[in-house]
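Chain order of the listed sequences is E and Z. Counting with the numbering used here, you get residues 1 to 60 for the letters of the first sequence. Counting with the numbering used here, you get residues 1001 to 1484 for the letters of the second sequence.
Be aware that a few hints might be false.
[To be verified] PhoX-like, lysine-lysine: derived pairs with alpha carbons at most 20 Å apart: (1) K33(E) x K1248(Z); (2) K33(E) x K1388(Z); (3) K1388(Z) x K1026(Z).
No lab work stands behind these hints: they were computed from the structure. Keep in mind that this is a model prediction, so the values were computed, not measured.
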Amino acid sequence: MTELTELGELEDEFNERMGELRRDEAGAALHNKVTVADFMLFVAVTAAICGVGIVMAVMS
Amino acid sequence: MTNGQTKVESEIKREAAFGSLPVLAKERLWGGWDFTWLNISLAIATWAFLIGGATALMVGFVEGIAAMLIGNVIGGAIMLLGGPIMTQRFGVDHFTMLRSTLGKVGVAIVVFGIVFIVGVGWHSILGLLVGRAYVQVSNQVVGTDFELNGLAVTIASLVALFIAWLAVSRGPKLIGKLNTYIAPGLVVVTVLMIIVLAQHTSMPELMNASPIAPFEDPRLSFAMAIEFNVGAGIAWWQTLGSFGRLTKKPRVAIWGAYGGLLFGSMLAGTVGLVAALVLGDPDPPAWMVPLGGPVVGALVLAFVAFANITSVASAAYPTVLAIKQSGGKWLERLSWPVITGAYVVCTMILSFFPSFMVDQFQVFVTLSGGVLASLCGVIAADYFILRKQVVDLPELFKPIHRSSYKFHGGINVAALVSLVVGVMFFMYLYNPITLETRTLFTVLTASIPTTIIAGLVFVVVSYPLYIARGLGGYRGAVDMFQGK
């Protein structure tokens, strides 16, 4: 398996990236966790579309 | 080695290595519309016609639309929970992220035991669809009399897979260039097919069309149609898992994939469904020439066949890359053309069984969907419930013996046991080979309970094995993205 410790220049690249992620991107919106509200919306939309499908099937 | 080969090797090496490193904000490519468009164009792959057609075996038009809608939504939701959401947050591809769920050796087991088999199955079917397209066009335009599942299909399929290998062996740039033209072209062709179908069918005819081979119990037929489409939806996990890392916001990863795949799958699936119900064959080669005329029909089919070849190349690329990344030092030594060639040869072997592959398409999609549902259940339980969306990135990249994701020799036993239990539960609820079902299946499908059971078993088994013993990196992981 590829292991960074065996790839010297990649280890440097990895450390640079980790540094940048910690320094510049910590707290940035793109790294936000999915919130409970997001999750509930996701479940609600899924359930609603399934509901539409079930109604279609029952009506037919 | 020529200069060209050296360049490809270096591109692949860079991709295999850098491709597993975290992506920075400035390197992320896709906003909402870009990612949605990408997913629409991916979903209008030519197997979608076959999926719509297979749905028509069990249900009529309205129930078919409903089954595709429900199936794709459920499959898409399970797939999203098991991949793109996680990879979006950390900017790391799912096969690397999965080291925290399965262990590094566990990932290799899943790549060779599931990803490889599912990939070979899907790609050989695509190759066979090209073969069937050429044979049908030849029969209708030139007047040949080739059998639909005969040697001519196998030969055309082998040629198609060989061309796909030529593309994939030249690395990601060529595939990217081809897809720039193919994806929008497929959307245009699908719309053209809808127009041709609309001209030759009427709404009453469509509404009254009976399913081709339904079961006696209409509820069972409907449930099976849903489950089949769930399998097709979950199958995107292999590709979408790594795409999530290039999206710019969590909501882009969720809604772009969800909406794009649903819209694209429904559009192409409806073409297959309508064609199968009204014309008796979902495969565009069977009806495009008679309905669209020899010139338009042949041109459209030639494009579709070419699109299939690029689909094989695009879909095979991440699969082979995962195999190369997980295969240890002996696979690392193999050159990219050799390893892609070996993969394509595996798909070619299945081309010698066209009848079997096309007949068993439904079984394959449903079964692989069940396996992936179980896997996604385990991943989602690990990431959302046990780790609370916090993964220690540097630990993913350490050698097994120094990583907190060491588990048992690089294998998370709890994850693999739960995966197997989930698959067994799926087979208990619905065995797609024998078609045996339980009552729960007609109410809840098999994939939803499978995802839940696999996740629950994983949580329960992980406590005594790892969490209570302070192993597996479940305690003390720091969220590096928490605001300053």
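Hint check results:
no. : hint                : result
1   : K33(E) x K1248(Z)   : holds (13 Å)
2   : K33(E) x K1388(Z)   : holds (9 Å)
3   : K1388(Z) x K1026(Z) : violated (26 Å)
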